[in-house]
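2 protein chains.
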Amino acid sequence: MLRERSRRLERFYHYYPAVVAVITARDGDRVNVMPAAWNTALSFDPPLFGVAISPKRHTYGLVKAAGEFGVSFLPFEMARAIAVTGRTSGREVDKVALLGLELEPPLALNTPLLKGAYAAYECRLEAVHRTGDHDLFVGRVEAVHWDPEAFPEGAPSWTGMRPTLYLGSDRYLVPLHLPEVHLPGADLARELREARREA
Amino acid sequence: MLRERSRRLERFYHYYPAVVAVITARDGDRVNVMPAAWNTALSFDPPLFGVAISPKRHTYGLVKAAGEFGVSFLPFEMARAIAVTGRTSGREVDKVALLGLELEPPLALNTPLLKGAYAAYECRLEAVHRTGDHDLFVGRVEAVHWDPEAFPEGAPSWTGMRPTLYLGSDRYLVPLHLPEVHLPGADLARELREARREA
Numbered sequence: 047m048l049r050e051r052s053r054r055l056e057r058f059y060h061y062y063p064a065v066v067a068v069i070t071a072r073d074g075d076r077v078n079v080m081p082a083a084w085n086t087a088l089s090f091d092p093p094l095f096g097v098a099i100s101p102k103r104h105t106y107g108l109v110k111a112a113g114e115f116g117v118s119f120l121p122f123e124m125a126r127a128i129a130v131t132g133r134t135s136g137r138e139v140d141k142v143a144l145l146g147l148e149l150e151p152p153l154a155l156n157t158p159l160l161k162g163a164y165a166a167y168e169c170r171l172e173a174v175h176r177t178g179d180h181d182l183f184v185g186r187v188e189a190v191h192w193d194p195e196a197f198p199e200g201a202p203s204w205t206g207m208r209p210t211l212y213l214g215s216d217r218y219l220v221p222l223h224l225p226e227v228h229l230p231g232a233d234l235a236r237e238l239r240e241a242r243r244e245a
Numbered sequence: 047m048l049r050e051r052s053r054r055l056e057r058f059y060h061y062y063p064a065v066v067a068v069i070t071a072r073d074g075d076r077v078n079v080m081p082a083a084w085n086t087a088l089s090f091d092p093p094l095f096g097v098a099i100s101p102k103r104h105t106y107g108l109v110k111a112a113g114e115f116g117v118s119f120l121p122f123e124m125a126r127a128i129a130v131t132g133r134t135s136g137r138e139v140d141k142v143a144l145l146g147l148e149l150e151p152p153l154a155l156n157t158p159l160l161k162g163a164y165a166a167y168e169c170r171l172e173a174v175h176r177t178g179d180h181d182l183f184v185g186r187v188e189a190v191h192w193d194p195e196a197f198p199e200g201a202p203s204w205t206g207m208r209p210t211l212y213l214g215s216d217r218y219l220v221p222l223h224l225p226e227v228h229l230p231g232a233d234l235a236r237e238l239r240e241a242r243r244e245a
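In order, the protein sequence lines correspond to chains A and B.
For the record, in the first sequence the residue sitting at position 60 is 106 according to my numbering, with numbers rising by one throughout.
For the record, in the second sequence the residue sitting at position 1 is 47 according to my numbering, with numbers rising by one throughout.
Treat the hints with care, since some could be wrong.
[Unchecked claim] Distance windows between CB atoms, simulated:
id : chain 1 : residue 1 : chain 2 : residue 2 : range
1  : A       : Val220    : B       : Arg242    : 22 to 32 Å
2  : A       : Gly146    : B       : Ala112    : 31 to 41 Å
3  : A       : Glu195    : B       : Asp179    : 22 to 32 Å
4  : B       : Val220    : A       : Pro194    : 16 to 26 Å
5  : B       : Lys102    : A       : Glu123    : 38 to 48 Å
[What the hints assert, rightly or not] Residues on chain A that point at chain B, a partial pick, calculated with CB under 8 Å:
id : residue
6  : Thr177
7  : Pro202
8  : Thr205
9  : Arg217
10 : Leu219
11 : Glu226
The set of hints was computed from the structure by calculation and includes no laboratory data.
Each residue gets a CB set at the ideal place from its N, CA and C atoms; glycine is no exception.
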């Protein structure tokens with residue numbers, strides 16, 4: 047399948063699709079909003095979540111100054127709003143007002159979250175690591191907000207979340223129903239080893 | 047929607063689903079394999095890709111010693127193999143032999159990749175950042191391998207890739223067909239501002 051190979055990386059997108067983390071940051075009396083497709087969990091204990099932010103972004107300075115940020119995971123119904131926040135700057139426009147976004151008050155910190163999210167984290171900024179043309183902002187999750195219908199029995203549900211999955215270049219996947227499979231790796235490994243022994 | 051909130055984070059999974067990055071690392075004459083659902087791109091220029099690896103993992107020491115690692119993105123057809131690599135340790139079993147995985151020779155570095163991937167990166171280890179109970183391994187992408195059918199016209203295709211999306215707790219999504227939408231945020235923002243001015 048890997049028929050092409052190159053040392054020159056012209057584009058860099060093979061890791062998509064990615065769930066968009068929508069970052070909120072206090073900007074004086076306002077709240078600024080930007081989407082970060084480059085995000086990942088980093089630690090269970092303590093719970094750490096990381097987002098890569100370019101120094102060109104208005105949000106970059108806001109988060110550094112505030113020492114905290116919000117992460118909202120929005121359902122696909124809000125993908126248009128996410129797309130707009132990604133292609134406008136808080137230096138020029140109040141995105142919350144432009145899009146009529148509603149804010150959710152924080153529980154532990156001072157940065158509001160976005161109403162309409164199926165889950166959201168309040169993150170205290172723990173570290174900023176230089177990583178090329180972006181910096182990685184490491185947040186310690188001080189509080190979590192969630193819609194119980196998106197996490198029935200405490201586990202993420204695709205149809206409950208209807209997450210916004212980004213494919214790059216302003217493209218998004220429509221989260222129609224997908225089946226899921228349970229692949230208990232430990233049991234499968236045991237079966238494989240037994241089959242091998244018997245062979 | 048955010049009806050529940052808590053300062054106590056009992057589980058930490060709201061950011062799923064995530065495309066699994068399958069890490070390869072040289073282990074003497076062998077190659078060890080582990081899946082990393084916690085991964086993200088970090089920089090376009092230079093191209094940097096990050097994966098969070100627990101110090102408990104055999105791969106952790108192998109990558110540190112080698113100063114490089116491979117990242118293979120495998121289609122859903124290989125999800126069972128991915129699940130097994132996640133629940134076994136290279137200290138106890140040769141996963142490549144157990145699963146009958148085929149290796150793809152590297153182009154720029156020394157770590158093989160996995161045949162059957164729709165895309166793969168050869169990463170030189172640039173930095174390791176402590177992040178709680180995992181460390182973030184930052185790799186500079188020195189070569190990329192890809193299946194052109196997964197990236198028609200140079201853009202990721204959901205149906206071409208059929209990526210392995212992890213939901214946590216040994217659960218995976220079956221990548222049946224999903225439509226996609228193009229949401230040009232800059233155009234949408236312009237329309238919104240014009241509509242506002244006219245109102």
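Subject >> Interface hint outcome for threonine 205 of chain A [beta carbon to chain B under 8 Å] >> reply: Since chain B brings no Cβ nearer than about 11 Å to threonine 205 of chain A, farther than 8 Å, the hint is violated.
Original post:
Does 16 to 26 Å hold as the CB distance between valine 220 of chain B and proline 194 of chain A, or does it fail?
Top reply: Holds, at about 25 Å.
**OP:** Using Cβ atoms only, decide whether leucine 219 of chain A comes closer than 8 Å to chain B, and label the hint accordingly.
**Re:** 5 Å, holds
Original post:
Does the nearest C-beta of chain B fall within a distance shorter than 8 Å of the C-beta of threonine 177 of chain A?
Top reply: 4 Å, holds
Original post:
With a cut-off of 8 Å, does the beta carbon of arginine 217 of chain A approach a beta carbon of chain B closely enough for the hint to hold?
Top reply: This interface hint holds because 5 Å falls under the 8 Å limit.
**OP:** Please test the hint of 38 to 48 Å on the beta carbon pair from lysine 102 of chain B and glutamate 123 of chain A.
**Re:** 40 Å, holds
Subject >> Beta-carbon spacing of glycine 146 of chain A to alanine 112 of chain B - inside the hinted bounds 31 to 41 Å or not >> reply: At 52 Å between Cβs, range violated.
Subject >> Distance restraint evaluation - glutamate 195 of chain A, aspartate 179 of chain B, Cβ atoms, bounds 22 to 32 Å >> reply: Distance hint for glutamate 195 of chain A, aspartate 179 of chain B holds at roughly 30 Å.
**OP:** So, proline 202 of chain A near chain B? Judge it on the closest CB pair being under 8 Å.
**Re:** 5 Å, holds
Subject >> When the least beta-carbon distance from glutamate 226 of chain A to chain B is tested against 8 Å, hint result >> reply: 5 Å, holds
**OP:** Go ahead and decide if the range 22 to 32 Å is satisfied by the Cβ distance of valine 220 of chain A to arginine 242 of chain B.
**Re:** 28 Å, holds
Checked against the numbered hints given earlier, this structure breaks hints 2, 8; the rest are met.
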